[in-house]
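Asks: One point on numbering: in our numbering, the residue at position 248 of the first sequence is 238, and numbering is uninterrupted.
Do not rely on the hints blindly, as some may be mistaken.
[As the list claims (entries may be wrong)] When the alpha-carbon atoms are kept at most 30 Å apart in a straight line, the in silico BS3-like pairs for lysine-lysine are as follows: (1) Lys579 with Lys507; (2) Lys38 with Lys533; (3) Lys308 with Lys355; (4) Lys355 with Lys243; (5) Lys516 with Lys579; (6) Lys572 with Lys585.
Derived by calculation from the structure, the hints in this document are not laboratory data.
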Amino acid sequence: MRVSNLMLTTLRNVPAEAEITSHKLLLRGGFIRRVTSGIYAYMPMMWKVLEKITKIVQEEMNAKGCLQTLLPQIHPADLWKESGRWEGYTAGEGIMFNLKDRQEKELGLAPTHEEVITKIAGESINSYKQLPVNLYQIQTKFRDEIRPRFGLMRSREFIMKDAYSFHQNKSDLKLTYKEMDDAYRKIFRRCGLETVAVDADSGAIGGSASQEFMVTAEAGEDMILISSDGLYSANQEKAVSRYSDPIISGFNKAEVITTPNQNSIEELCRTQSFDPSQIIKVIVMLAILEEGIKQPILVSIRGDQELNIVKLTNSISKHLDKLVIDIFPITEEQLSIEGLDQLPFGSIAPDLENTFLSNAKSWEKEFLRFADLTVSELKNFVCGANKKDHHRIGMNWDLIGGLPKEIDIRKANPGERCIHDEKQILNECRGIEVGHIFQLGCKYSKSLNATFTNQEGNQEPFWMGCYGIGVSRLAQAAVEQNNDENGIIWPLTIAPYEVIITVANIEDINQKALGEKLYKQLKKEKVDVLFDDRKERAGVKFKDADLIGIPWRIVVGRDSVSEEVELFERCTNSIKSLKAEKALQELIKEINLKKS
RNA sequence: CGGGGCGUGGCGCAGCUUGGUAGCGCGGUGGUUUUGGGUACCAUAGGUCGCAGGUUCGAAUCCUGUCGCCCCGACCA
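Work out the full structure, taking the sequences as your base and the hints as a guide.
Replies: Quick look at the structure:
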């Protein structure tokens, strides 16, 4: 391609919308243009990048025997109601764009395709003999994000590869899950990305085991924790660690003390000389569940620990077998609206009586109670007295009605010791999620009644897995991980072009002729080559070539009379002066080496 | 959803406090110059000042409403 035909428009000023490096560079290089909040146009060079990523993904998926399909983007609401996800995905802060057609039928723009594919699989796969299958597609998805940001990192319309596998049993699912893990590692390596695989929360998709692939980058939206020996890594939403031992409490007598204006752990400790690890902190929250159920929640956790809201949400979901649509701390205002008396905030204990809820208009009338693992072993602890400005000391679980349901809802933090080896410490780093693989189990096949006939002749629901890669996000993540002060440094395998021939002065007959000759030869060798034939000053062309990040550059300049050119490598900034023929040979050798 | 900020040629911004008919840099076009790191100079085109009302002789500027965009937060009583 000739740059004069490329519609290349680079910017010197960064549009004000951009915050992070990759977003700025993609805009400045003319790769993307914003159309509205969270919605972008992929310009010609960007599309080339996306195509190259797509090709790598297809090759690796096909190598594992996966089958490519293309599923609809508009889904009937009924299908999503059948799986029970319609409400959760559309109500409240739901992310599914939805609309009505002229028949007043409800439809949604697909944020993901479990429903559709499960339905189809159920209709087309009849026998265990047809299993397993793994179907995938690469196409645009829609999510009405609460807050789109960082260009393609969190956009509302984006390109995703999603795959869904169907199995006759769990062990077969695990085999494919492992294969996908392998395929994903190959894909990311081939794309020139450094990724780390972490244990992850399954989120709204549901299911059991799940693993995320993160591109490590400062600008990442997720915090990940990695053990010093590298054997354990997890998203903070999911991470576990060893917690410190509590300071032994000296209160062996149970009594109530007055604690005026000591409404926070901090205040209480300062005034009473308690240690936070001796105190049971109680958090009152309201969970909005599917079908509009409003469930008050009472969570007990050690005073020096933080609550992990994702873990809590999942626990609630699991215990009630209902989707949690929203969850937030209960406020005084909400209590008034609900027609309830004020709770003794700051002095609430795990045994707060349900009678506080008996006049509730729309809330459930009993608290769902949980205790974090950090409080279960606690002895002679401090907790509220369920009465304003009063606390109890020297308490034990048998004195306050027993230990509530024990679960892990504590946030793991960097610096803490690991579960697998207490000598290992968790370190923090940030990451961009580019891939996620799940073992879904039978959740969707059961709800959508997608079954096959097993060897014994019985109908059984499929075991399912699902596997996603954010293709457009991956492209931006590659930029975030590969750039310098001059611009993008595309990994060769996904670069829009592999090499750019920069003719310093296109009006010099020798230079132009040599440039054209090299261009022809490279095209003949099937190298993806860009020929900068513009009537611009050399400096302009160098700046542009750096900015758009083409991995290799052949500079045809003053020495072209003697057939000498320069071979420049973008990622190392190395420059070699060579005979044109030699430069071509070397370049082709290097390119083939990197591609293999 | 809460808080903050911004909408003025393609991009980045000034002008608004104190109303008087719109300006700068980049980019575009033509020319001269320069010719391997965004050359300099000259000329030139391009704007419903987000939109709608209002105040006023007169509104980018003041008032009201509205739309859009960006940032921070949405988690511990």
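Asks: Does each hint hold? Answer for all of them.
Replies: Structure-based check of each hint:
1. Pair hint Lys579 plus Lys507 holds up; C-alpha atoms about 19 Å apart against a cutoff of 30 Å.
2. Proposed proximity of Lys38 and Lys533 is supported: the alpha carbons are some 21 Å apart, at most 30 Å.
3. Pair hint Lys308 plus Lys355 holds up; C-alpha atoms about 20 Å apart against a cutoff of 30 Å.
4. Distance hint between Lys355 and Lys243 is unfulfilled; the C-alpha atoms sit about 33 Å from each other, more than 30 Å.
5. Distance check on the hinted pair: Lys516 and Lys579 sit about 13 Å apart at the alpha-carbon level, within 30 Å; holds.
6. A hinted pair counts as satisfied when its Cα atoms are at most 30 Å apart, and Lys572 with Lys585 qualifies at roughly 20 Å.
Checked against the numbered hints above, the structure breaks only hint 4 and satisfies the rest.
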